[in-house]
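Peer 1: As a plain string of letters, each chain reads:
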Amino acid sequence: MRLRAALLAALLFATPAAAQQRPLVWGDTLPATLDPHAVFDVPSQFILLNIYDGLYRYQGNPPQLIPWLAERHSVSEDGLTWEITLRDGVNFHDGSPMTAEDVVYSFRRLLAMNRAPAAAFTPVLKAENVSAPDARTVRFVLSTPYAPFLAAMPLVAIVNPRVLTANEKDSDRGAEWLAANSAGSGAYRMDSATYRPRTALDLVRFPEHFRGWADNPKPIDQVRSRPVMETSTRVLALLRGEIDATDSYLPTDQVERVERNARTRVAKDESMRVFILRMNNRKPPFDNKDARLCFAHAFNYPGFNEIILKGLVIRNPGPNPNNLWGNPEGMAPYSFDLAKAREHCDKARAAGAPLGREIEIHVQSELEQTVQAAQMFQADLRRVGVSLKIVPSTWPNITGSTGRPETTPDMWVHWVSAYFIDPENWIGQMYDSRFHGTWKASSWYQNQQVDALLAKARTSLDQSERARLYAEATKLVVADSPDIWVYNTVNLRGLTRRVQGYSFSPVGSGGELRTLSLAD
Amino acid sequence: MARYILRRILLALPALFGLVLLTFVLTRVIPADPAATLAGDAATPAQLAEIRARYGLDRPLWEQAVTHMRQVLSGDLGSSIFSGRPVMEEIVFRLPATLELTFVALLLATGLGVPLGLLAALNHNGPIDHLARLISVGGLAIASFWLAIMLQLIFAMDLDVLPLRGRIDVALGAPPTVTGFFLVDSLLAGRLDLLVDTLRHLALPAVTLCLPGLASIARFTRSGVLETLQKDFVLYAQAAGYGRVRLAAIYVLRNAVTVTVAQIGLLFGALISGAVAVEAIFDWPGLGTYAVQAILSADYKALLAVTLVVGVVYAVVNVLVDVAQALIDPRVAEQVK
Chain W
1 MRLRAALLAA LLFATPAAAQ QRPLVWGDTL PATLDPHAVF DVPSQFILLN IYDGLYRYQG
61 NPPQLIPWLA ERHSVSEDGL TWEITLRDGV NFHDGSPMTA EDVVYSFRRL LAMNRAPAAA
121 FTPVLKAENV SAPDARTVRF VLSTPYAPFL AAMPLVAIVN PRVLTANEKD SDRGAEWLAA
181 NSAGSGAYRM DSATYRPRTA LDLVRFPEHF RGWADNPKPI DQVRSRPVME TSTRVLALLR
241 GEIDATDSYL PTDQVERVER NARTRVAKDE SMRVFILRMN NRKPPFDNKD ARLCFAHAFN
301 YPGFNEIILK GLVIRNPGPN PNNLWGNPEG MAPYSFDLAK AREHCDKARA AGAPLGREIE
361 IHVQSELEQT VQAAQMFQAD LRRVGVSLKI VPSTWPNITG STGRPETTPD MWVHWVSAYF
421 IDPENWIGQM YDSRFHGTWK ASSWYQNQQV DALLAKARTS LDQSERARLY AEATKLVVAD
481 SPDIWVYNTV NLRGLTRRVQ GYSFSPVGSG GELRTLSLAD
Chain D
1 MARYILRRIL LALPALFGLV LLTFVLTRVI PADPAATLAG DAATPAQLAE IRARYGLDRP
61 LWEQAVTHMR QVLSGDLGSS IFSGRPVMEE IVFRLPATLE LTFVALLLAT GLGVPLGLLA
121 ALNHNGPIDH LARLISVGGL AIASFWLAIM LQLIFAMDLD VLPLRGRIDV ALGAPPTVTG
181 FFLVDSLLAG RLDLLVDTLR HLALPAVTLC LPGLASIARF TRSGVLETLQ KDFVLYAQAA
241 GYGRVRLAAI YVLRNAVTVT VAQIGLLFGA LISGAVAVEA IFDWPGLGTY AVQAILSADY
301 KALLAVTLVV GVVYAVVNVL VDVAQALIDP RVAEQVK
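Chains as they are written, first to last, in the UniProt record's numbering: chain W, 1 to 520; chain D, 1 to 337.
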């Protein structure tokens with residue numbers, strides 16, 4: 001009996017022994033696979049930035065592209081041949097030195113796997129055109145000039161071929177193995193034994209990392225990544241100190257609560273991630289410009305941005321984020337103006353646009369904001385005589401349907417994140433008709449003038465000329481109103497106050513552990 | 001008896017076959033395109049086509065179904081289309097987590113539900129009966145996600161006596177894996193601290209999960225006992241002078257719980273599906289959260305495997321329940337013959 005009572009007491013009141021400092025517990029989402037060549041989404045950047053290194057890396061905000069494993073680059077006059085000189089003295093986690101051959105292997109592996117992170121390269125680069133003239137030089141010969149080539153470099157993790165070939169199965173380039181292991185040179189090493197997909201990843205600092213640790217005298221030795229699935233649990237776990245960091249998309253209505261707690265704070269950083277309501281420009285009524293303008297004026301931008309999202313976002317007038325180069329100066333955003341909306345809708349109806357039919361807007365049900373935006377829009381559109389039907393869906397369902405104009409929804413809601421920092425990532429891939437069939441270009445917008453400008457901007461190596469071309473294309477696209485651009489995201493990451501040295505960059509969303517330390 | 005068991009097992013097989021086929025068709029007719037998710041941003045239509053061909057997604061549906069069936073029959077549940085890793089490897093980690101939670105919840109539900117129902121029936125229309133009714137109506141009516149969050153707010157946040165989420169404290173780490181059940185593994189490792197920590201982590205999710213089950217078990221037991229109390233043999237036993245406790249606990253209960261035991265089999269299915277919400281809120285790394293992640297990323301291979309594994313577990317549990325029922329009441333097996 002006494003034993004039972006003691007056990008009960010232990011159950012209720014014991015708190016786990018925490019004599020030494022708790023390791024850093026990172027509560028952000030983990031990617032489905034750890035193979036850096038297999039996925040590219042926001043969670044996978046955590047792996048890319050901490051376990052691996054790339055030739056270049058974005059640092060700071062606004063992001064600067066800095067040579068990382070690379071020392072310098074040169075490009076031929078015709079913009080086709082790029083040579084990158086590697087820095088000396090880089091070792092992988094297994095101690096073996098990194099050579100140009102390893103870089104060649106990494107790029108060839110990426111291109112052969114042909115998964116998400118390869119998409120930026122496959123149109124211009126073939127595997128056989130990556131070579132290593134000597135141990136410190138990598139040569140890329142492109143099939144057409146491609147200005148964002150360097151900007152896309154941080155997408156590619158350099159992997160250790162010796163580790164991968166040792167774990168190869170059916171010539172899969174170690175793909176199955178790498179999904180749950182690592183072969184990198186990054187500032188942190190993973191512990192494969194305790195890894196549980198999407199549940200637990202333990203990281204240990206790599207003291208021999210090539211950048212050295214001089215700029216961070218108190219780096220964190222042990223990091224435990226423990227993703228928290230539900231938003232409400234994530235916030236509670238942070239408030240309680242069970243995790244030290246949430247993801248960087250804290251709901252705006254939770255910000256005050258986290259800031260009120262003495263133990264926690266919210267890091268607010270303007271990112272490059274545009275919230276957008278798409279219109280299928282091939283489907284009536286959206287093939288009519290007045291109908292599109294009617295919709296653009298019927299969205300309550302101040303209501304959504306300032307009231308629902310509590311002003312924690314920044315109004316974005318066009319497809320490119322405000323804080324990126326290549327935007328025209330003084331571009332005025334569309335205003336919320338129901339009188340104007342009515343006027344355009346009347347014109348569209350007069351021209352025969354079927355605005356009487358029910359318009360479907362597909363939302364990502366698990367992402368609350370897409371639902372809120374659609375609900376608010378539904379109410380305002382009713383006031384101009386348009387009925388909007390909200391269809392709950394998921395990201396794969398929607399992107400699975402954007403391959404053809406007939407299957408693409410009338411409207412759908414999503415964000416375009418910073419995969420690489422170049423207008424090509426936004427306006428280039430969203431409004432050039434050569435990308436039709438991809439989700440990014442799913443408004444099926446077509447304007448030959450815009451196509452020509454974007455094609456030229458994609459191949460020109462003159463930065464000021466590119467900026468001018470993108471600005472011109474942006475003006476044309478915005479005038480045509482193919483979509484409804486709402487805001488640029490301010491990333492909101494909840495952190496415990498013991499986390500120091502947090503540094504944010506739009507690529508990676510502040511997930512780089514190298515600069516962090518823990519206050520006592 | 002052996003024939004009876006064999007018969008139950010054989011009857012489960014066509015059900016499982018139907019399950020595999022049905023879930024395959026369901027996951028493949030929804031418009032989600034795994035290729036689009038795999039190829040990622042700015043994938044060209046050519047790249048998509050190449051990926052579809054590589055994963056056989058361009059083949060006719062019936063052909064994909066046949067391939068899938070053949071794989072399942074040969075014991076291969078396939079690989080996740082995202083990680084390329086065998087789905088089974090992940091399920092091996094996650095199934096024990098779900099089973100541990102479900103079993104503890106089931107134990108709580110029966111351990112509390114049966115006595116509660118019995119007491120309610122013996123106290124027909126008395127205060128205990130009313131209390132039991134309140135608990136069962138409440139247990140069935142309260143949404144588990146609401147209850148989960150309330151328990152978190154009270155016991156983890158305000159009182160600070162139980163952990164908020166997860167299976168084990170981050171600083172402690174999991175016990176060495178033998179069975180995957182942390183309760184068993186921590187005992188095998190001789191680590192009492194891990195056992196206590198596991199129990200502490202189990203408390204809130206198990207209570208949340210058990211409540212609807214507890215409610216229905218209490219109700220079934222109560223009505224079973226009430227019905228049995230009307231039987232002639234009870235009257236005879238009473239006349240013969242048997243004590244109230246002995247009569248209720250031995251003669252009445254055994255006759256009354258056959259319905260309850262059948263209920264437990266059904267309940268197990270409800271618990272596993274209820275675990276999806278509970279696991280998500282408590283960050284329980286089980287099959288429920290795995291299935292949700294699979295749906296959100298259109299990883300249909302993973303989803304099919306989860307459905308099949310849950311189906312098999314459910315079938316096994318129901319065979320066991322049938323056997324238990326036959327043991328309690330031999331007439332059940334007799335009827336089948």
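For the record, the hints were derived by calculation from the structure and aren't laboratory data. Watch out, some of these pointers could steer you wrong.
Said to hold, decoys possible - If you anchor each label on the Cβ, the simulated ranges turn out as follows:
no., chain 1, residue 1, chain 2, residue 2, range
1, W, LEU367, D, VAL92, 28 to 38 Å
2, W, GLU366, D, ARG254, 40 to 50 Å
3, W, GLU366, D, LEU61, 22 to 32 Å
4, W, ARG315, D, ALA189, 49 to 59 Å
5, W, SER131, D, LEU21, 45 to 55 Å
6, D, THR67, W, ARG342, 34 to 44 Å
7, D, ALA141, W, ARG357, 54 to 64 Å
8, D, ASP158, W, ARG342, 22 to 32 Å
9, W, GLU366, D, THR67, 27 to 37 Å
10, W, ALA467, D, LEU61, 48 to 58 Å
11, D, VAL66, W, SER365, 45 to 55 Å
12, W, LEU367, D, TRP62, 53 to 63 Å
13, D, ALA141, W, GLU366, 41 to 51 Å
14, D, LEU21, W, GLN222, 29 to 39 Å
Stated by the list, open to error - Computed footprint of chain D on chain W; a stretch qualifies when at least three of its residues, placed anywhere within it, have a C-beta under 8 Å from a C-beta of chain D:
no., segment
15, 174-187
16, 398-412
For every residue, glycine included, the Cβ atom is placed at its ideal position computed from N, Cα and C.
Peer 1: With 22 to 32 Å as the target window, see if D:ASP158 and W:ARG342 comply at their CB atoms.
Peer 2: violated, 52 Å
Peer 1: Given the hint of 49 to 59 Å, is the C-beta distance from W:ARG315 to D:ALA189 inside that range or not?
Peer 2: holds, 57 Å
Peer 1: Quick check on a hinted range of 54 to 64 Å for D:ALA141 and W:ARG357, using CB atoms only.
Peer 2: Distance hint for D:ALA141, W:ARG357 is violated at roughly 41 Å.
Peer 1: Taking 53 to 63 Å as the hint, is the beta-carbon distance of W:LEU367 and D:TRP62 inside that range?
Peer 2: Because 35 Å falls outside the window, the suggested range is violated.
Peer 1: Can the suggested window of 41 to 51 Å be confirmed for the beta-carbon pair D:ALA141 and W:GLU366?
Peer 2: Check failed, 26 Å falls outside 41 to 51 Å.
Peer 1: Hint says 34 to 44 Å; check whether the CB-CB distance for D:THR67 and W:ARG342 agrees.
Peer 2: Since D:THR67 and W:ARG342 have Cβ atoms about 55 Å apart, the given range 34 to 44 Å is violated.
Peer 1: Could you tell me whether the CB distance from W:GLU366 to D:LEU61 stays inside 22 to 32 Å?
Peer 2: 27 Å Cβ-Cβ, so the 22 to 32 Å window holds.
Peer 1: Between W:GLU366 and D:THR67, does the C-beta distance stay in 27 to 37 Å?
Peer 2: Between W:GLU366 and D:THR67, where Cβ atoms are some 31 Å apart, the hint holds.
Peer 1: For D:VAL66 and W:SER365, compare the CB-CB distance with the range 45 to 55 Å and indicate the outcome.
Peer 2: At roughly 33 Å between Cβ atoms, W:SER365 and D:VAL66 fall outside 45 to 55 Å, so the hint is violated.
Peer 1: Go ahead and decide if the range 45 to 55 Å is satisfied by the Cβ distance of W:SER131 to D:LEU21.
Peer 2: Taking Cβ atoms as reference, W:SER131 and D:LEU21 lie about 50 Å apart, which means the hint holds.
Peer 1: Quick one: see if chain D covers the segment 174-187 of chain W, three-plus residues with Cβ-Cβ under 8 Å.
Peer 2: With 4 residues in contact (Cβ-Cβ under 8 Å with chain D), the coverage given for the segment 174-187 of chain W holds.
Peer 1: Using the beta carbons of D:LEU21 and W:GLN222, state whether their distance is inside 29 to 39 Å or not.
Peer 2: violated, 48 Å
Checked against the numbered hints listed earlier, the structure breaks hints 6, 7, 8, 11, 12, 13 and 14; every other hint is satisfied.
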